[in-house]
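Engineer: Given only the sequences and the hints, what does the whole structure look like? Please build it.
Throughout the sequence shown, residue numbering follows the numbering used here, covering 109 to 310 in sequence.
Treat the hints as calculated values from the structure; they're not laboratory data.
Careful: at least some of the hints might be erroneous.
To be verified - No farther apart than 30 Å at their CA atoms in a straight line, the calculated lysine-lysine pairs in the BS3-like style are these:
| hint | residue 1 | residue 2 |
| --- | --- | --- |
| 1 | K127 | K249 |
| 2 | K127 | K278 |
| 3 | K127 | K302 |
| 4 | K127 | K185 |
Source: prediction; values computed, not measured.
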Amino acid sequence: MFTVAIDGPAAAGKGTLSKRVAAHFGFAHLDTGLIYRATGARVLGGEDPVAAARTLRVEDLARDDLRTTEVAQAASKCAAIPEVRAALVEFQCSFARREEGAVLDGRDIGTVICPEAEVKLFVTASDEIRAERRYLELSGKGQDVTRQGVLEDLRVRDQRDREREAAPLKPAEDAVLIDTSEMDIEAAVAVAIKAVAAVFEG
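Structural biologist: This is how it looks when you write it as structure tokens:
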């Protein structure tokens, strides 16, 4: 077993980074944000947040509406509920113990879910850079969004994630910081792979 914990705020690039690192080393990958998004999507459909979290199914992570702004906000609100977090922690911990190794990315992997992870990375970027990336992603999918609106949503979500009582967004003390503001994805991936390889390959 070998666990890589990758944390950071929205649109910093941690999702792409995580997939590439997992593929490079042959590890399984879990985007833990999808767990919360899937719960949020079910809440928007009328379910109780705690009940939705406790009965979440793998199929829920494959919904095609999980990347909308509405679902993102619902997910962030659900993540602030301690009972919801407790219901989803065991799923993540079990995934992290896979024999073939695992990469988990989210908000609190290195600090709460996998504090014993062999490698911890914290991926970040400036608010403006992250908002532009998210704007291009959403508008490219035909969603009716504005740059200013995306930036405001992102800042509201960041503040909620950082100030919540349960597992606030912050780097683990022993995390490697990767600021992707001035990096393209290939450069960021290279930094991440080097950090993991230093431990995994000794």
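Engineer: Work down the list of hints and note, for each, if the structure agrees.
Structural biologist: Hints versus structure:
no., hint, result
1, K127 - K249, "holds, 21 Å"
2, K127 - K278, "holds, 21 Å"
3, K127 - K302, "holds, 15 Å"
4, K127 - K185, "holds, 26 Å"
Of the numbered hints given earlier, the model fails none.
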